[in-house]
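Asks: Make a model of the complete structure from these sequences and hints.
Sequence order for the protein chains is A and B.
Just so you know, the first sequence maps onto residues 1 to 418 in the numbering used here.
Just so you know, the second sequence maps onto residues 419 to 844 in the numbering used here.
Simulated from the structure, these hints should not be mistaken for lab results.
For every residue, glycine included, the Cβ atom is placed at its ideal position computed from N, Cα and C.
It is possible that part of the hints are untrue.
To be verified - Derived DEER-like restraints, expressed as beta-carbon distance ranges: (1) B:I713 with A:K237: 52 to 60 angstroms; (2) A:M171 with B:R758: 30 to 38 angstroms; (3) B:D641 with A:M171: 53 to 61 angstroms; (4) B:R758 with A:N150: 33 to 41 angstroms.
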Amino acid sequence: MEYIKKDLGSYNLHIIKTDKFKSVVVQVSFRSPIVKEEITMRNVLSDLLLISSKKYKTKREIALKSQELYASSVMDEDIRFGNYINTNFYLNCLNDKYTEEGNLEEAITFLSELIFSPNVENNQFDKASLEIVKRQATVALESIKEDPANYSLIRMLETMDPSSPLSYRPMGYLEDLEKIDESNLYVYYKNMLKTNLMDIFVIGDVDASKIEEIITEKFQSNTYKKTRKPYYLDEVKVRSKRQIIKEKENLTQAKLSIGCRINDLTEEERAYALTLYSIILGSGGDSKFFKNIREKHSLAYYIYSTPNKLDHLLIIRAGITKENLKKVVKLIDNEMQDMKKGNFTEEDISKAKELFQTSLDELEESPSRLINAYYMMELLGIDPIEVRRKKMDAVSKEEIISVAKKIKIDTIYCLEGE
Amino acid sequence: MEKIEFEGLGIHLYEETLENGFTLYMIPLPEKKNYTMVYATRYGSDIIEFAKDRKNMKKYPTGIAHFLEHKMFEQEEGEDPFTFYGKSGTDANAATDHDYTKYICTGTKNFKENFRFLLQYVNTPYFTDENVEKEKGIIEEELNMYLDIPEFVLENKIKENTYQKHPRRIDVGGTVEDIKKITKEDLYDCYHTFYQPNNMFALVVGNFDVEEAIQVVHEEMKDRKNCDNKKPLIKEYQEPLEVTVKEETLTMDIRVPKVLFAVKFSKKSFPIKDHQLLNIYLQLITTILFGSSSIFREEARQNGLMSGMYYDWEEVENMITLTFHIDTKKPNEVLKELKRVLLNIDISVDDVERYKKVWIANEVRLSDYVEAMNNNVFSDIILYGKPIVNRIPLIRKLNKKELDKVLQHFEVENTTEMIALPKENN
Numbered sequence: 001m002e003y004i005k006k007d008l009g010s011y012n013l014h015i016i017k018t019d020k021f022k023s024v025v026v027q028v029s030f031r032s033p034i035v036k037e038e039i040t041m042r043n044v045l046s047d048l049l050l051i052s053s054k055k056y057k058t059k060r061e062i063a064l065k066s067q068e069l070y071a072s073s074v075m076d077e078d079i080r081f082g083n084y085i086n087t088n089f090y091l092n093c094l095n096d097k098y099t100e101e102g103n104l105e106e107a108i109t110f111l112s113e114l115i116f117s118p119n120v121e122n123n124q125f126d127k128a129s130l131e132i133v134k135r136q137a138t139v140a141l142e143s144i145k146e147d148p149a150n151y152s153l154i155r156m157l158e159t160m161d162p163s164s165p166l167s168y169r170p171m172g173y174l175e176d177l178e179k180i181d182e183s184n185l186y187v188y189y190k191n192m193l194k195t196n197l198m199d200i201f202v203i204g205d206v207d208a209s210k211i212e213e214i215i216t217e218k219f220q221s222n223t224y225k226k227t228r229k230p231y232y233l234d235e236v237k238v239r240s241k242r243q244i245i246k247e248k249e250n251l252t253q254a255k256l257s258i259g260c261r262i263n264d265l266t267e268e269e270r271a272y273a274l275t276l277y278s279i280i281l282g283s284g285g286d287s288k289f290f291k292n293i294r295e296k297h298s299l300a301y302y303i304y305s306t307p308n309k310l311d312h313l314l315i316i317r318a319g320i321t322k323e324n325l326k327k328v329v330k331l332i333d334n335e336m337q338d339m340k341k342g343n344f345t346e347e348d349i350s351k352a353k354e355l356f357q358t359s360l361d362e363l364e365e366s367p368s369r370l371i372n373a374y375y376m377m378e379l380l381g382i383d384p385i386e387v388r389r390k391k392m393d394a395v396s397k398e399e400i401i402s403v404a405k406k407i408k409i410d411t412i413y414c415l416e417g418e
Numbered sequence: 419m420e421k422i423e424f425e426g427l428g429i430h431l432y433e434e435t436l437e438n439g440f441t442l443y444m445i446p447l448p449e450k451k452n453y454t455m456v457y458a459t460r461y462g463s464d465i466i467e468f469a470k471d472r473k474n475m476k477k478y479p480t481g482i483a484h485f486l487e488h489k490m491f492e493q494e495e496g497e498d499p500f501t502f503y504g505k506s507g508t509d510a511n512a513a514t515d516h517d518y519t520k521y522i523c524t525g526t527k528n529f530k531e532n533f534r535f536l537l538q539y540v541n542t543p544y545f546t547d548e549n550v551e552k553e554k555g556i557i558e559e560e561l562n563m564y565l566d567i568p569e570f571v572l573e574n575k576i577k578e579n580t581y582q583k584h585p586r587r588i589d590v591g592g593t594v595e596d597i598k599k600i601t602k603e604d605l606y607d608c609y610h611t612f613y614q615p616n617n618m619f620a621l622v623v624g625n626f627d628v629e630e631a632i633q634v635v636h637e638e639m640k641d642r643k644n645c646d647n648k649k650p651l652i653k654e655y656q657e658p659l660e661v662t663v664k665e666e667t668l669t670m671d672i673r674v675p676k677v678l679f680a681v682k683f684s685k686k687s688f689p690i691k692d693h694q695l696l697n698i699y700l701q702l703i704t705t706i707l708f709g710s711s712s713i714f715r716e717e718a719r720q721n722g723l724m725s726g727m728y729y730d731w732e733e734v735e736n737m738i739t740l741t742f743h744i745d746t747k748k749p750n751e752v753l754k755e756l757k758r759v760l761l762n763i764d765i766s767v768d769d770v771e772r773y774k775k776v777w778i779a780n781e782v783r784l785s786d787y788v789e790a791m792n793n794n795v796f797s798d799i800i801l802y803g804k805p806i807v808n809r810i811p812l813i814r815k816l817n818k819k820e821l822d823k824v825l826q827h828f829e830v831e832n833t834t835e836m837i838a839l840p841k842e843n844n
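Replies: This is the structure:
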């Protein structure tokens, strides 16, 4: 595998050359500091660009073109990275070896047409296409409670820190959706192209200089962009007394979401010991949560923890019987207490390290995850994969205990039946 | 050992069958770092009534295959699977469906030991009154989790309305009431009847050594006997072509109405007798009519007819059923339009040729992913009894003439429709 980074003026082109895959994946990323009121617009925009363009007026025409390019696929995704909102456009296309000469170039051209040549007249997006996207967004936003576990997480974050970006709903808000029209969305789109930071990634068995040539021609952007806003949210102290919030819905099972604040980690602790901490505490079939709360006490089918490093959070989620809430929280407290006291073995640590190494091995087998790894290296200065392997192996028990002492429960949220 | 090429992919399938009927399927992908191994039995939630002695039929509680899957992780001595696999950073999991139960292990290291352990732990059941009792709380939470997802509840309901007799009408997990009745004796009955070499197989895909895999299987499986050389007697249902309920409207805790529509076909009514080829043609029809580039979808988008739709095919005995799941604010109009399209099928030669190209490209792309490859070959084994190595040449041979023969018998008569509306107070 060979990594090449090219500064093309207003954006960077990253080429990851590898003969591992039969496909070539292209990712075009735009990012800017997040504004709550613009999240909905961002989602609508990225969806709209992939259902109608100047050349391909309808989603059907776009689908037919994708099929003609040997089932190439295009996708969009909007995600928050700490203080930023990030939009990815993906193209997944078979290598020319398995199709025909020139197919990849045509597919990249297709992607660039979708992003840069939208269906616009008189500075307005096509009204009918926008209506389609808005209708779909309305339904998605209205049905948000149909995934109660996810809704519980959203509500937990909102009650934990309503003013912080960590509480922003990733899909946006109905009241903002109503305000979007063909004109203001176009203004937002032009502004995105002008002000957003942009990166392009290409992974596959490609000729790097040829790719550079195609991208330079098809992705022309001449503005100079810079922002100083950090990616990480500011750290917030844990509240002095933890808050416990219960809300009612028509549910059979209570969905528990717990937000823990993480404070004062060193960069190394965040990159390494925190990952091991969460694996030992609550990720997977060999964790303390699984062994004790599920297997020993039969209190849950799923219970797990995940760190959210950009937001300085550890999130714990479980599906439980509502009458058992106190019991489950007490057991979670005990397990977290045990982590602080160092009540875990060297074997637990070495198993967590093995799991981490396996996840890196698996990452190297997925084109999109590899791109994401390089993207995070670019954005956050995270160590390269081989360095990560070495540094993780060197983490000691004391470092995990030190991390454990810096994690505290802030908000316990339970979405339960009436 | 047999070695067969997946035509058009440059990948090989190796097959080793033991005298006791157990088969090991292997697809080595040496350029990958990871592997996925599966040890499976052709026993799932569809089997709830059988005679282990081939004489006396006994009915077991629903959800028992899934319960058994949970309990296989229990070990009498030594390490439990999660602890063992944890040491090499390997992920262990399992899944039960209507027609199989599988034990899965994905990792990048320790192939030989991990494979051996997979066979060993599934080969050694250990059920006690206490450990069976303890599992009931966990499974109850699992079932409750699904009950809170409207889509899941409706899927079970449409199956009840589609099938009159066959256990396909019951959820894989069973009911909370039934799982509470399960005893360790029930579990041993099911285990000894269906976890036998001639009813099981293993499938390994990814980075591993073929000789090593064969050696492990010889050591662990060769001496295992089928407790009876005859196959167990399993209840047959003779599921009729008619549906249980033709129409139903109900209210639920949802915001946007949902429509479910199912069509039941008899496989025998189609002129193509090759099971796999028939399925490919049926899928071709629905992909052209309802896939991403279909006119139906485009018109539905333009007219605000629906906001989301998916469909699937499933087989039960001699039936094959097509089911649609749609989110819509105009349920009656969607149903009308859906039926109109199904009753006036118009497919061109261009449509067929376009999808041939798309499907071949997808086959090639899929072979980049170890897990996807494993899943696909696995469902071939369950559905067709063996991996399908000639899918690409089969797709190449698809043609409009043969498609038309299938279409002549594509009779949309035995249908069931369901409209779920939001409760008024929402």
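Asks: Starting from the hint 30 to 38 angstroms, judge whether the C-beta atoms of M171 (chain A) and R758 (chain B) obey it.
Replies: Taking Cβ atoms as reference, M171 (chain A) and R758 (chain B) lie about 33 angstroms apart, which means the hint holds.
Asks: Can you let me know if the beta-carbon spacing of I713 (chain B) and K237 (chain A) is within 52 to 60 angstroms?
Replies: Since the Cβ atoms of I713 (chain B) and K237 (chain A) sit about 58 angstroms apart, the hinted range of 52 to 60 angstroms holds.
Asks: Range first: 53 to 61 angstroms. Now tell me if the beta carbons of D641 (chain B) and M171 (chain A) are that far apart.
Replies: Roughly 56 angstroms apart at Cβ, these two residues keep to the hinted range, so it holds.
Asks: Okay, R758 (chain B) versus N150 (chain A) on CB: inside 33 to 41 angstroms?
Replies: holds, 36 angstroms
Every hint, counting from the list given before, is met by this structure.
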